[in-house]
Amino acid sequence: MEKTVEKTLVIQRYNPEHDQTPSQQSYQVPFDNSTSVLDALLYIQQSLDPSLAFRWSCRMAICGSCSVMVNGIPKLGCKTFLREYSGDLLLEPLAHFATEKDLVSDMTLFLQHLQAVKPYLIRQEQSAATTPASKPQPHKQTPKQLAKYRKFSSCINCGLCYAACPQFGLNPEFLGPAALTLAQRYNLDSRDQGKAERMPQLNGKNGVWGCTFVGFCSDVCPKHLDPAAAVNQGKVASATDFVIGLFKP
Amino acid sequence: MNQPKRSDEPIWWALFSAGGVCFAVVVPGLLLTVALLYPLGLLPENTLNYQQVQQWLLKDWWGLAGLALAGAAICLPLFHAMHRIHHGLHDLKLSSGLMGKVICYSSASLLSALALYFWWQGLG
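Here the protein sequences come in this chain order: A and B.
Residue 213 in the working numbering sits at position 190 of the first sequence, with consecutive numbering throughout.
Residue 1060 in the working numbering sits at position 93 of the second sequence, with consecutive numbering throughout.
To be clear, the hints were calculated from the coordinates, so they are not data collected in a lab.
Here the structure is a predicted model, which means the values were calculated and not measured.
Backbone N, C-alpha and C fix where the C-beta goes; we use that ideal spot for every residue, glycine too.
Hints are supplied without guarantee of correctness; some may be wrong.
[As the list claims (entries may be wrong)] Chain A is faced by these chain B residues, among others (derived, beta-carbon under 10 Å):
1. 975
2. 977
3. 978
4. 980
5. 1018
6. 1022
7. 1026
8. 1048
9. 1051
10. 1055
11. 1057
12. 1060
13. 1064
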């Protein structure tokens, strides 16, 4: 298909070295049915304005780098197509994060929140099979055990759910959808023994209880992870932990 | 990262959840029976006359049915509603502190206590 039709992309520009406030700049981009927002941004950078800054890497919705706000909705640039929009497109950096430059957001807070919930397998003791004499054995898992957490395991850390979450917008200390989903993912993993280490983070007011079940995180998740469901499961886990805590010395 | 303080939210969330079930099941059932079917004459006449209802709710089974109804139709839905209002106030940036929480849950407690007081009075 020939690229004869053009679309207007309005992009929020901001260079902290020169600009006091962000401003908007329009670009005309030729497009066809297969032109993604990321393709359009690459076209602008390569043919119209090399000063435009944005993040990208894989172009196939697996690296989670090209997150931007498209007409106010958090989207992956590579998974969003110009054909889906009848009018102009307004592109802005992810909401609820500080902007480094143009469409590049500062994801430090997001990464800190991910780190806080220890999103990796934790083993309390080396399994009995791992004596110096014998080789380490793999931890076996049945399909049923796998199914428990698998639906929460395909997060690509794109941060769209944080831009969608009004509670994270109001309170940046809130651990947020992706971190709480990851915590739940590892808590549900039969190979993991680190639930007791993660629960204190989940039990706090900035843990699962910061969520008011708005559910927009699940709407925008490009991997259809349903973080809202994971957080609500976390609430049940935290409430159970609360009751157990009452009877513990 | 230091350990955050445990939130007391599980208490309010448990009441909210229980109230949500009541709001979804008991309250519509009650409204259907008392506010729709009975006034339309679709239930046998005199099924819900005062003496009959009093017998069911306050005399039979030591009045436990009355207690269950007060709990499921008044107390728990009150906590559900006030929990929503409390968090709604936070969303609207009208209140995020202790004040809103105290007002919301204490009014739910007060009205619940009133409902239970009337049930207790009815027993005698």
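Taking the hints in turn, this is what the structure says about them:
The interface hint given for residue 975 of chain B holds, since its Cβ lies 8 Å from the closest Cβ of chain A, which is under the 10 Å cut-off. Annotation: interface hint on residue 977 of chain B holds; nearest CB of chain A at approximately 4 Å, less than 10 Å. Interface hint status for residue 978 of chain B: upheld, as the beta-carbon distance to the closest one in chain A is roughly 8 Å, under 10 Å. Taking 10 Å as the C-beta cut-off, the interface hint given for residue 980 of chain B holds, the closest approach to chain A being about 6 Å.
For residue 1018 of chain B, the shortest C-beta to C-beta distance to chain A is roughly 42 Å, which exceeds 10 Å, and the interface hint is violated. Annotation: interface hint on residue 1022 of chain B violated; nearest CB of chain A at approximately 38 Å, more than 10 Å. Of the supplied interface hints, the one on residue 1026 of chain B is violated, with its beta-carbon coming no nearer than about 35 Å to a beta-carbon of chain A, more than 10 Å. Against a cut-off of 10 Å between C-beta atoms, the interface hint on residue 1048 of chain B is violated, since the closest Cβ of chain A lies about 15 Å away.
For the restraint placing residue 1051 of chain B at the interface with chain A, the shortest Cβ-Cβ distance is roughly 9 Å, inside the 10 Å limit, so the hint holds. Checking residue 1055 of chain B against chain A: minimum C-beta separation of about 9 Å stays under 10 Å; hint holds. The beta carbon of residue 1057 of chain B is positioned within 10 Å of a beta carbon in chain A (closest approach about 7 Å), and the interface hint is therefore held. Hint status for residue 1060 of chain B: holds, given a least beta-carbon distance of 7 Å to chain A, under 10 Å.
Taking 10 Å as the C-beta contact cut-off toward chain A, the hint placing residue 1064 of chain B at the interface is violated, the least distance being around 12 Å.
The structure fails to meet hints 5, 6, 7, 8 and 13 from the earlier list, while all remaining hints are met.
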